[in-house]
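Chemist: Residues per chain, in single letters:
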Amino acid sequence: METIQKRAGEDVSDELSLVQAAKAGDLEAFSELVNRYDRNVFRIAQHITHNEEDAQDVVQDAFLKAYQNLGQFQGNSKFYTWLVRIAVNEALMKLRKRRNEKTVSLDEDVETEEGSIPREVADWSPNPEQIYGQSELSDILKKTIQGLPPGFRTVFVLRDVEGLSTEETAEMLGLSVPAVKSRLLRARLQLRERLAKYFRSRKNGDGQREVQ
Amino acid sequence: MKCNDFLKELTDYLDGTLTEGTKAELDEHLHWCHECHVVMNTTKKTIEIYRDNQIYELPESLRTRLHQAIMSKCKGAKPGKKNA
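These protein sequence lines are chains A and B, in that order. Be aware that the first sequence starts at 1, since it is given in the working numbering, and climbs by one per residue. Be aware that the second sequence starts at 1001, since it is given in the working numbering, and climbs by one per residue.
By construction, these hints were calculated from the structure, which means they are not laboratory data. From the three backbone atoms N, C-alpha and C, an ideal C-beta is built for every residue, glycine too. Mixed in with the good hints, there may be bad ones.
[Stated by the list, open to error] Only part of the chain A face toward chain B is listed, based on derived beta-carbon distances under 8 Å:
1) Lys23
2) Leu27
3) Phe42
4) Arg43
5) Gln68
6) Asp123
7) Leu184
8) Ala196
[Said to hold, decoys possible] Below, in silico cross-link-like pairs of lysine-lysine (DSSO-like), each with a Cα-Cα straight-line distance of 30 Å or less:
9) B:Lys1078 to A:Lys65
10) A:Lys197 to B:Lys1008
11) B:Lys1023 to B:Lys1008
12) A:Lys65 to A:Lys23
13) B:Lys1002 to B:Lys1044
14) B:Lys1073 to A:Lys23
15) A:Lys97 to B:Lys1078
16) A:Lys65 to B:Lys1073
17) A:Lys65 to A:Lys97
18) B:Lys1078 to A:Lys78
19) A:Lys142 to B:Lys1008
20) A:Lys78 to B:Lys1044
21) B:Lys1045 to A:Lys197
22) B:Lys1002 to A:Lys197
23) A:Lys97 to B:Lys1075
24) B:Lys1044 to A:Lys143
25) A:Lys97 to A:Lys143
26) B:Lys1002 to B:Lys1023
27) A:Lys142 to A:Lys197
28) A:Lys143 to B:Lys1045
29) B:Lys1044 to A:Lys142
30) B:Lys1045 to B:Lys1008
31) A:Lys197 to A:Lys143
32) B:Lys1045 to A:Lys142
33) A:Lys78 to B:Lys1073
34) A:Lys78 to A:Lys23
35) B:Lys1075 to A:Lys23
36) A:Lys142 to A:Lys97
37) A:Lys78 to B:Lys1075
38) B:Lys1044 to B:Lys1008
39) A:Lys142 to A:Lys65
40) B:Lys1044 to A:Lys197
The following block holds chain A by itself, in its conformation from the complex (with noise of 0.2 Å):
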C-alpha cells in the first residue's frame, strides 16, 4: 500500500539560510520560520494539552524559546524537528500544571495492556465518517485520543498525524526507535478499538460482533 505520510519540514533549501539570518537578529527571517510551522506547533500542543489557552501559550513560548536558543541549534537535524522538541517539552509542562501533578512523562501509562489484543473485530461502515457529520465527527475523534495516555497520543500525533519518520519522532521525543514503534502500535490499536463503536458496520442489526 502507498505510505500514509504528509510531510512537514521538507523545504530545507532556504530553510539553513532563514536559521543563519534569524541568529543574527533577522526578524523577518524568524516570522517566516514562525509561518512554516506555527499551525503543525498549534495542532501538536492541542493534541498533547487538550486545551486551547495552554496550546497558545505553548505556541509563543516555543517559538521563543527558539529564538533565544539558536546559538545551540547546530543545523545537524532539521530546524523543525528541534522546535518540536521544543514544544513537546513546553506542552508536557502545561499538563503538568493542569492535572497539577509532577509525573506526567511521555512514560505514563505506557505498561498497559488495553487494546493490545483486538476485540473488537467487527467490521466498519464502508465510509465510517460519513455516517457523522463533521462537527460530530470532530467531537468524536477528540474526545477518542484524548482518552489514550499522554505518551502514546503523543508519538500518534507525530507519526500518523503531522506524518514524520520514526527516527525523527524518536529524537524528538528521546526515545528508542523500538519504544517509538511499540508505543505507534499500541496508539494504533487502541483508538482502531475505541472509534470501532462509532463505525462498526450496522448491517446485522445491532452492531455487535459478527459470527466468525
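Here the structure of chain A is known, so what remains is to put chain B in place on it, guided by the hints.
Modeler: Frame of chain A; chain B shown alone:
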C-alpha cells in the same frame, strides 16, 4: 503465522517498511484470517480518518494574534543569547 505474530508486524505492514519475505507471509495470513483482515483494514482507516480530518486547525484570526505576540516578544529578546 499466528494472529499475535501478525499484530506485532502490523505497524511496519501499514507503513510499508517490511521486507518482501515478511510481507508475503503477512499477506498469506490475511488471505485466510478474516479477523486480522478486519483489524488491518480498520486500523488503516483509523490512521486515514485522523490524517484527513484535522481536528485542531489554527483559526486565521488567532494565528495572526499569536504571530504578532511571538514577534513582539522576540523583539525584546536577543537571538541565540543562551549560547552567546
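Chemist: For each hint, tell me whether it holds in the structure or not.
Modeler: Each hint, compared with the structure:
1. Lys23: 5 Å, holds
2. Leu27: Since the shortest Cβ distance to chain B is 6 Å, the answer is holds.
3. Phe42: 4 Å, holds
4. Arg43: 5 Å, holds
5. Gln68: 5 Å, holds
6. Asp123: Holds. Min distance 5 Å.
7. Leu184: 6 Å, holds
8. Ala196: At about 7 Å, which falls below the 8 Å cut-off, the nearest Cβ of chain B leaves the hint on A:Ala196 intact, so it holds.
9. B:Lys1078 to A:Lys65: Roughly 11 Å between the alpha carbons, so the hint for B:Lys1078 and A:Lys65 holds.
10. A:Lys197 to B:Lys1008: Given that 30 Å is the threshold and the Cα spacing comes to 24 Å, the pair holds.
11. B:Lys1023 to B:Lys1008: Judged against 30 Å, a Cα distance of about 13 Å means the pair holds.
12. A:Lys65 to A:Lys23: Holds - the C-alpha atoms of A:Lys23 and A:Lys65 are around 13 Å apart, at most 30 Å.
13. B:Lys1002 to B:Lys1044: Since the Cα atoms of B:Lys1002 and B:Lys1044 sit roughly 20 Å apart, the hinted pair holds (cutoff 30 Å).
14. B:Lys1073 to A:Lys23: Measuring from Cα to Cα gives roughly 15 Å; hence the hint holds.
15. A:Lys97 to B:Lys1078: Status holds; Cα separation ~28 Å.
16. A:Lys65 to B:Lys1073: Holds, because 10 Å separates the two Cα atoms, which is no more than 30 Å.
17. A:Lys65 to A:Lys97: 19 Å, holds
18. B:Lys1078 to A:Lys78: Between B:Lys1078 and A:Lys78 the Cα gap is close to 22 Å, so the pair holds against 30 Å.
19. A:Lys142 to B:Lys1008: 27 Å, holds
20. A:Lys78 to B:Lys1044: Distance of about 28 Å is within 30 Å: holds.
21. B:Lys1045 to A:Lys197: OK: B:Lys1045 and A:Lys197 at ~14 Å, within 30 Å.
22. B:Lys1002 to A:Lys197: 26 Å, holds
23. A:Lys97 to B:Lys1075: Distance ~28 Å between A:Lys97 and B:Lys1075 Cα, so the pair holds.
24. B:Lys1044 to A:Lys143: 19 Å, holds
25. A:Lys97 to A:Lys143: Measuring from Cα to Cα gives roughly 21 Å; hence the hint holds.
26. B:Lys1002 to B:Lys1023: Distance of about 14 Å is within 30 Å: holds.
27. A:Lys142 to A:Lys197: Roughly 15 Å between the alpha carbons, so the hint for A:Lys142 and A:Lys197 holds.
28. A:Lys143 to B:Lys1045: 17 Å, holds
29. B:Lys1044 to A:Lys142: The given pair, whose Cα atoms are some 18 Å apart, holds under the 30 Å limit.
30. B:Lys1045 to B:Lys1008: 18 Å, holds
31. A:Lys197 to A:Lys143: 13 Å, holds
32. B:Lys1045 to A:Lys142: Distance ~16 Å between B:Lys1045 and A:Lys142 Cα, so the pair holds.
33. A:Lys78 to B:Lys1073: Since the Cα atoms of A:Lys78 and B:Lys1073 sit roughly 24 Å apart, the hinted pair holds (cutoff 30 Å).
34. A:Lys78 to A:Lys23: Given that 30 Å is the threshold and the Cα spacing comes to 15 Å, the pair holds.
35. B:Lys1075 to A:Lys23: 13 Å, holds
36. A:Lys142 to A:Lys97: Holds, at roughly 21 Å.
37. A:Lys78 to B:Lys1075: 24 Å, holds
38. B:Lys1044 to B:Lys1008: 15 Å, holds
39. A:Lys142 to A:Lys65: Holds, because 28 Å separates the two Cα atoms, which is no more than 30 Å.
40. B:Lys1044 to A:Lys197: Holds. B:Lys1044 to A:Lys197 sits at ~16 Å (cutoff 30 Å).
Of the numbered hints listed earlier, not one is contradicted by the structure.
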